[in-house]
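Protein chains in written order, with this note's numbering: chain W, 355 to 778; chain B, 108 to 431; chain X, 453 to 786.
Certain hints may be false.
Short derived list, chain X residues pointing at chain W, Cβ under 10 Å [what the hints assert, rightly or not]:
| # | residue |
| --- | --- |
| 1 | Glu-506 |
| 2 | Thr-539 |
| 3 | Val-542 |
| 4 | Gln-575 |
| 5 | Ala-576 |
| 6 | Tyr-638 |
| 7 | Leu-641 |
| 8 | Arg-733 |
| 9 | Gly-747 |
Derived from the structure by calculation, the hints contain no laboratory data. Beta carbons are placed, not taken as given, at the ideal position from N, Cα and C, and that holds for glycine.
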Amino acid sequence: MGRKLLLVAVVGVAAVFAVAGCSKQEDGDGVVEVQFWHAMGGPLGDTLDGLVAEFNETHPDINIESVSMGRYQALSQKIMAAVAAGEPPVLAQAYEAWTGELIENGSAEPLDPYIEGPNGLSPGELADFVPGLLENNTWDGTIYSFPFNKSVRAIYWNKNLFEAAGLDRAPTDWDEYGSMARTLTRDLDGDGETDQWGTAGQISAWMFENLLIQNGGEILTPDGARAAFDSAEGIEALEFMVRLLTDYGKVTSGYEYQNDFQAGKVGMIEGSTVSLSYMEGKYTFDMAVAPLPHGKERGCFVAGTNVVIFSEAPKAKKDAAWTFIKWFTSPEVTARWAIGTGYAPVRMSALESESMQARFEEIEGLREVLAQLEFASYEPRSAAWYAGRKYLEEGGVESALRKQKDPSTALAEAAVAVNAELGG
Amino acid sequence: MSWLSTLRRKKFMDPLTAALYLVPAGAVVVIFRMLPIASAFVLSFFDVKMGRIRGFVGLAQYAKLLQDPTFWSSLGTTAYYVAGVVPLSLFLALLAAVLLNQKIRGLGFYRTVYFLPVVTSLVAVSMVWKWIFHPRLGLLNYFFELVGGGSLQWLDEPRGIFEMIAGGLGWSWWPDGFAGPSLALIAVIIVAVWRGIGYNIVIFLAGLQNIPGQYYEAARIDGASPAQVFWKVTWPLLSPTTFYVLLSTTIVSFQVFTQIYLMTGPPVGGPMGTTKVIVYYLFERGFDAGGNMGYASAVALVLFVIILSLTLIQRRVVERRVYY
Amino acid sequence: MSARDRELNAAFRTRRSLSRAGVYALLWIGVVVMVVPFVWMITTSLKSPIEILEFPPTWIPTGHFVEAAPGVWSEVNIVSRNAAAGTISVRPLGGGPETTVDGAAVRDRFRFRLENYAEAWRQAPFARYYFNTILVTIFVVAGVLVTSALAAYAFARMKFWGRDNIFVLFLSMMMVPQPVYIVPSYIILVKLGWIDTYQALIVPWLAHIFSIFLLRQHFKTIPADLYDAAIIDGCSRFAFLWRIMLPLSKAVLVAVVIFAVVGTWNSFLWPLVMTNTTAVRPLQVGLARFSQEQGTNHELMMAAATFSIAPLIVAYFFAQKQIIQSLATSGMKT
């Protein structure tokens, strides 16, 4: 028996070698293989894979291999480890802060030669990009990354619950935001416990940052050297957020607040435009979206990542990766990407396209939500801010939302930690 | 024929032949165990940014480690975790083993069921429990509500449990630093106990079955009560087993990673960093943006020293034989 | 026996059986605690995304149906219940206009959504993950059998300089936990060009020190006379290992296989660090990525968890005695 076991094992190994001898695809037949690492899961991943397959079909000499790393944190760990190993992929999604580190390491390929090259983009096409996007991908006058999946925040509101509460539209300013949330917070069965909430959200620096600029505040000082979110405007914004989410709403883990909203227990939520694709078909009420209410001013941050090409890759692969980027950000494709995922199209002409117009008909308020891109701003891009941001989220926003500290203390303490990160 | 035998035996002494038999395993052990372990030691003295050695820094990274609040808090979190998992797992496993040792019917059935989680992958286990701990839709809060308790935030609750208990008793003030492990960490501890208890039960059961019946016979003749039998006979005779289970559970618990990676956050280690254990900190320092593999190696060495000391204590004590 | 004696004895027996009932009650509490998470996993995996959100939860997945045409029942989601009017507002499962029907018109029926499994299987390349895990497991099992048998034979039967010291050195490697050497291992695999390859998952695990130890201990119990006799008969050393030692070590070899299978199937940190692409990504890492991507689709996550643990659980039910014994002797807490 013992012997037989061993024999079977050896034969098995031999057999498997014979069957699976070819474990990795090699470039053959003139097809350029391009590995593309991203963090697009669920419906986003489905849409992306569909578009990648279409690209591969229409570009027989290129094969984009789409590799999902699950989520951004895991993607960042994988990219940094791979760069350390000297074996990065050809193409990857990257936040501006990662790109900054990659540039410093000499791993991010400057894209200007591609844009200006024979397979490039005309000045007219460049002008068609949503204003601000390309600037945000430029470092010292050089474009190192290209906008890929960009989103803005929106209000999602349950029209049935609004109607039942005597409301007929989404809030347009902070006062309405608060008062409508209060009206929507109800004890339906009269047992003394709230069972319908005005709003809900997760612990998120993103929501705070949006409120901050709506209130006239800034994340960092203009030179990016110190925290500025602990200003009077910041404290007021955080106080408003705490009131919204704890008095007239609730704080949930991760994206569970979307589930609560889908279950019809929450009147309205703030979410990324991408939440749309996650909620599609999972709610049983009339839903509409609306732009963020304005505070002292209108304000919203653009979130999401860009794509970078890695310098380490051979020229043919880099060229192929650029061909993919150019195709992906073309008006027609970016519109389909936007419709499939809820991300904002990166081209102005895409917003006018027939398919986007049809989508606007379908989702009430989406046009106004995407119009926020016109005045949108961008988070600081430094690696130090990326590292420091978690202190704002965990130390500042989280401890205030959990009522462990009052907003001014929470922000002051977060500012100290962020300043330490920015200084060192 | 003894000369022939001697000849053959001589051939057995041929070190070359022995080397041939040892090479396959030996090569793997040398290249993939000894070399990396030695490298970890060496790397901890170098600044290694994005895979590039940027210079020899001597003990600087250890000095930085001593000043690193995240390192200390991750060590503290790990200590809380170990201090939670080990006694709970030992007590419950011993209880179950003693019950199973009562000549009950269906011993095999119970043992099979209790051992089931041990063969289940930790990834799947973590996913299932994360769902059980769900604050609103989870099974655990459902049970709590059935028996009239309130619902808890479990994996989202950063408050320390001592502080929560004090709050429940109506004390609004509780000293900083004595808040205890967060409820989120307690949730992770519960999963670890659930997952590993079957293993400890089986070891305890084997230990119990090895206790010679004559001791129990003698105790019965002396008219000892069940409690006396347990404390005077079972407990001392079981002590080598108990000690083994204690140490092995401690050593494994120090290395917790998978549950943290899958159940907590995002970001992993949350809420408010209260579940960031040392192995996750090492992983983050080694592989994430802004990381430094040299610094991660210094963290690894500290972990190694802790586990090595535990192992050596185990050796020492087990060799002395633990019959208290 | 006097009447009094009998009475005492009976009372004693009642007390004994009472305490026995207590023993069984405690054991059954344990059974429930161990089994309920599995039941909950399977139940969830068979629910619709909307049923997931129902609280209190249902134990058996249930769907709501209305009679769309005589004899034709179509599934609906309940939007709201009006207790006063006794009506229920429903909406067809695939979307569509909301209608209000009489409460009695809505029937609840068990509805096991096996399609969740197909959906989860489709959403990520689980077939590939399975293939990768099985492939790696086969290689590791085969390799560990070979390397352990050879090394154990050398340690048990051959005499060479420094044998015992080398053996102790091997054993001491068991004391070093994986997280300690994962960073330098990554660098070594980079230098070998093995990141994101099968080699990275197989070769470093081709030697299992505890298996060598176990086999050596067993080989030592095989009487020396036996091989003296065999050698005199002209048996070579390898033939002795192959023909005599191994057939006598069946139980230990099975244990070695079990360590290797369970350890490889469930390993996580190593493949998480060493693989990047789906081409070589094993099941556990694939499952983890899947759960990170899914966000709130609990039914799909539970379906994926179920089919990922199924093979080992099935194997466990067939060979639970060997598996429990092997894992218990190994000190291996996977």
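Verification of the supplied hints:
{"no.": "1", "hint": "Glu-506", "result": "holds (8 Å)"}
{"no.": "2", "hint": "Thr-539", "result": "violated (16 Å)"}
{"no.": "3", "hint": "Val-542", "result": "holds (9 Å)"}
{"no.": "4", "hint": "Gln-575", "result": "holds (7 Å)"}
{"no.": "5", "hint": "Ala-576", "result": "holds (8 Å)"}
{"no.": "6", "hint": "Tyr-638", "result": "holds (7 Å)"}
{"no.": "7", "hint": "Leu-641", "result": "holds (8 Å)"}
{"no.": "8", "hint": "Arg-733", "result": "holds (9 Å)"}
{"no.": "9", "hint": "Gly-747", "result": "holds (5 Å)"}
In this structure, the one hint that does not hold is number 2.
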